[in-house]
Amino acid sequence: MKYFFTQLYKTPMFFVFVLMVAFYGFHALGRTAEINQYAVVTAVGIDMAEEEEGEQLYEVTLLTFIPVAQQSFTESYKVFNAKGRSVSEAMDLASLNIGREIGLSHIKIIVLSKELIENGLHKFLDYLSRNVQVASSTKVVATDSTAKDFLTTAQNLDNESSIKVSEHIMYNSEYIYSTESSLETFFKGTFGPTKVGLMACLSPKSPDEQTMPTAASDSQGAGEEKSGSSGGSGTSTQDMITQCHVYVFKEGELVVTLGEREMKKVNFVCGDYTDGSIQVKNISDKHFTNANVTFEIFGKSMKYNVSYQNGIPVINIDTSLTLRMSEVEDETGMVKENVELFVISPEATKAIERKVKQSMAEGINTMRENQVDIADFYTLLYNNNKQAFKNFLDSLEDPEDYLNRIVFKIGVRILAK
Amino acid sequence: MQVKKEIEQIKQKLHNSVDVADRVIEIGGTTVGLVYLKSMTDNAIFSGYIFEPLAKFEGELNFEELKKTIRPNDVTEIKEDEIVKNVLKGAVVIFLENSEQILSADILKFNMRPPSEPPTSPVIMGPREGFTEDYKTNITLIRRRFHDENLALESVLVGEETQTQVILAYLDGVVDKKLVKKIKKKLEDIKIDGIVDSYYLVTLLSSRPNSFLKQVGSAEKPDIIAAKMLEGRVALIVDGSPIVLTIPFVFLEDLQSSNDYYTNYLYSTLIRFVRIVAILLATLGPGTFIALQLFHYNVLPFKYLITIADSTQQVPFTPFIEILFILLLFQILYEVSLRLPSYLGLATSVVGALILGDTGVKAGLISPPAVIVVAIAKIALYTVPEQSSQITILQYVFLLIGASLGLLGLIGGMIYFLAYANSVENFDTPYLAPFSPFILSDNKDALFKVPLEEMTNLPKSFKNENKERFDESSGQEH
Amino acid sequence: MRVLDRNINAWQFGILIFILMFANKMLVLPSLLFEGAKMQGFFIVVFLFGLEMALLGLFFYLKKQYPTESFAQILQYKFKNVGKVIFYTLFLVFFLSKAVLLYNVTYIFFRNMIYKDTSNFLILFCFLPIINHLAISGLRVMGRTAQLFFPVMLLIVTFCIVVGFFGINSTVIWFDVPFIKILGTLLRHIAPFGDMLFIFIIMDKVVIKKGQWKIVFSLTGTAAVFVILINLIYMLSYTYTSFMHPYAIFEIMSFVREYGGLGRIDIISMIVIILFAYFHLAIYLKSFMLCFEQVFPKLNCIYSLVTFNFIFVIIVIFFIINLETTVVFGEQILPYVIVIPYLLLPIIAVTCLFKKRKKEGK
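Chains as they are written, first to last, in the working numbering: chain Y, 1195 to 1611; chain G, 981 to 1458; chain H, 328 to 689.
You may find that some hints are simply not true.
No more than 27 Å apart at the CA atoms, straight line, and that leaves these computed lysine-lysine pairs for DSSO-like [unchecked claim]:
| hint | chain 1 | residue 1 | chain 2 | residue 2 |
| --- | --- | --- | --- | --- |
| 1 | G | Lys1283 | Y | Lys1272 |
| 2 | G | Lys1443 | H | Lys537 |
| 3 | Y | Lys1277 | H | Lys443 |
| 4 | H | Lys443 | G | Lys1443 |
| 5 | G | Lys1158 | H | Lys536 |
None of these hints come from the bench; they were simulated from the model. Here the structure is a predicted model, which means the values were calculated and not measured.
Generate coordinates for the entire structure from the input sequences, incorporating the hints supplied.
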């Protein structure tokens, strides 16, 4: 005993530490794993529900990972939902339904219904930005139908094949939108100088309706190619998720819905967009006559030059495209030349230039009409000449309308691969 | 002196033990008495070199004649009170009737195992001989590596009952003289009834005997000891133990293996990093696993979370009890496999690995991730076998910390124990040198190993006569 | 109980300063500065680090003049015993309040990020024994342990910065905040600075050989550059959304949450935050003990330890357990305390230097 006390005197902190650890150690013996206390949510969907007693209800749908005792370690998910007067209240009710606390730190995707987007996006975004658990890299998508439907479809997809919705979105974002559709980028746009945020819209479809009704007719885009190929060439009965359009927000309010083709045109103006294809009709040169030629875009580089004329900014956009001919609908219909040495003829080049210029002009017009600066010309001008740009903005009656006052000059250069 | 009376006295002092033998012979009218231990003396030498010359002697035998007659090389004149001591050390004590002078001839011999490769530190390419239990053989093994006058061997007797020979071996001109004096003083000051193995000295020579840290180096092979002596350390050979101790000791020494010096230096560097990683895995592995499971599920990668969540569903225990159970199971298996004869060892490993592990998982008593974590930690432990007992303790401590305090506690615990290790300075040598304090020149043979010709200086982690080992410009100390 | 404060060498001294330069400047400070002064917050950091470096320079000259004396001895020599006691009492208050602030900032971070369901005492009890142990073990042990962890800290911080560079997606630099607002922000958020007082307190325990000053200066410089880089990266990556991302070094890693299927590697930055927090708190406690020794020379170190722990726990538990009071404490009370190192210290040091010179002149 005396020994014990001399030791205690010599190293008091050791004993405090031991005491501490022992105290919490006994507690730890009975502690269950945190995984079993939390319901790990991988996707959240928010819908507007019907009104109740004059108050708007929100419906929260959670795609939740539920551990199953088995050796194969499969991911088994279940969909839970609950309604509440606010998002947090709905979340609380959902957690009561599950019987566990809701863990949002592994969220990969947030789905918002169209109704919510049109009416009360602010509320939900505020909830998200205040939540420290949700990673800012979480993908945010909108859906045409309800978020509940979307997540049910997503769960079916995941169970039957192994198409993950988050992977789907990641893949699509590289091809379709000019930005990835994540929480961070959305907020960055919304709170940035242009106040424009983009959100992709996906909708669940059954295979019979595979041909898309409105937005796209002939070229379906990369998103569907993917789901078609991995879904087993149309023979499977499962639902699928298709790309339809992009919602454009300004200051958190829905301004315009861009279809896929419109978005593509807008993307021509933005620097980020690198892949895709161009179709040019009725080209005649020494190789073919009246052909419809599709070119695959391999690379795109853009140069913006800003100059001021009478206080009005002029933006020179020089685009150079690296192309490869990928498909020719000729009258003869067969390849005659060496494919490797195929040169794009001057006639074809001209046709492409015309087509690209037209697309870009249409893209700029779309932005102008809706006063949404998707390409972020604001920052470009601001960085170029702060004072001149400020003077220019001051001279405008409506500073928001700056896009319509800027002069654009477009130049296109075509390189064959 | 009356021979018969004297012999009786000696026998009585030795409690008439069975192996005490005496001879009394008459030579030329003089009675000669011989006393020795049958168990510790060489029969052939006794009869051929002592008894036979005496029996053949003709003429008057006095003490001078006796000295000339007997032929062993180790003959000394002793006093009366030293008789028993000499007999016990394996000498024949000879006395003459009516003469006060006594002669002692050392003919010690007992059966020893030959130097063989020790099981604790086998090498792939390198010397295979190891120390034995006999200190004389051990001295020989060291002597054979230093054909130089500078090798000094000093002897100290420790233990009141055992009177164990402890030999201090060092290289004069390399070692710090004050260190030798300090060790000698500390050894002489030890008041203990007996020393059975060199490990007794490990705690007795530590500045903090209650500490769980190992503060004295040990090795079982002469090549390792020779290398350490070349760096200016003192070797302690304890009679009866094949483990030779070295002082001063730094933690780094256990990270180095003799294999490192007999292979390519880049490979040794790689292996040393592996060892550091293994130590970290062994100490922190189970603790981190439990901390993540109990406190920080959101930090786990999602795929791994799924695996853990799925596999722990069937386990009836809480995670902490589960991992404690598996750790204990491994510890029991380890202990059993050590104790059991080798032909039964196979049976235990089959039972342990297959039946307990596999069936336990299948029956849902334990979860595969926990088994994997514990298995990795337990295997990683033996990359540094000299420190395995210390790391095992830390393993349990960090498991407890991880389970009770989480990640914050684990890092705090690490800081605590490293600060503690930093406060240990046995024989004025910082325990964690050359990492803290950082000594650049010593780091040539620490985590990184440079080619031999670049290690120009003796280590600066502890005091020695700083001389150049290799003829080149010297390094810098920070 | 006896505390052996043996000397530390240039490396250990430099590493302790390295830790001092970091700690709570890389967690919430960048976002606070950005909120107040937008891009010009960067200049505030640079300016304040300039001040810290100036203090180090002052220390350099003072150490040159008084190679073996302690700061207390110099003060006693110049300002008599009363002056010394007054100054050291002020220092006591300084270190205690800084420790409370640092603890609260880290505490709120841990509670938000990794300890959701645990009691508040758990984090408090994690810290206290460790920092007490480090302080009792003495300056040398603390220095050596810091030295051992230094490569880890350096590696992780470098990793964070390198990873952070990939997160930069804005090249806009705005300079449109009026000077008066920048000044206001500077004064409001000055609290994490001023730690250089510590090096004066341990003045006599530092042995720096000839030519080793460059180690100290380069380590300090490296730390300053790192913190400035973290600030810069943070500002450029979260130009418009900084309100969502309060924890700078942690947030600049969050771009790589899905890195190579490993999941959240932002946990790596958490390790360095924990390490810095432990050592920084231990440094505060050590300084508190050393100051206590001067104010109450007759009491041994147990009294100082008990005083610190008692007041610390009381303040933390009863007054500053939530965010609001921490903000009030950090932004309205502490800035007045920071005056001590930035105003008092230069005056003291310069007087000491000046007077000595005069004497030499005679």
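So, going through the hints one by one against the coordinates:
no., hint, in the structure
1, G:Lys1283 to Y:Lys1272, "holds (17 Å)"
2, G:Lys1443 to H:Lys537, "holds (22 Å)"
3, Y:Lys1277 to H:Lys443, "holds (25 Å)"
4, H:Lys443 to G:Lys1443, "violated (51 Å)"
5, G:Lys1158 to H:Lys536, "holds (26 Å)"
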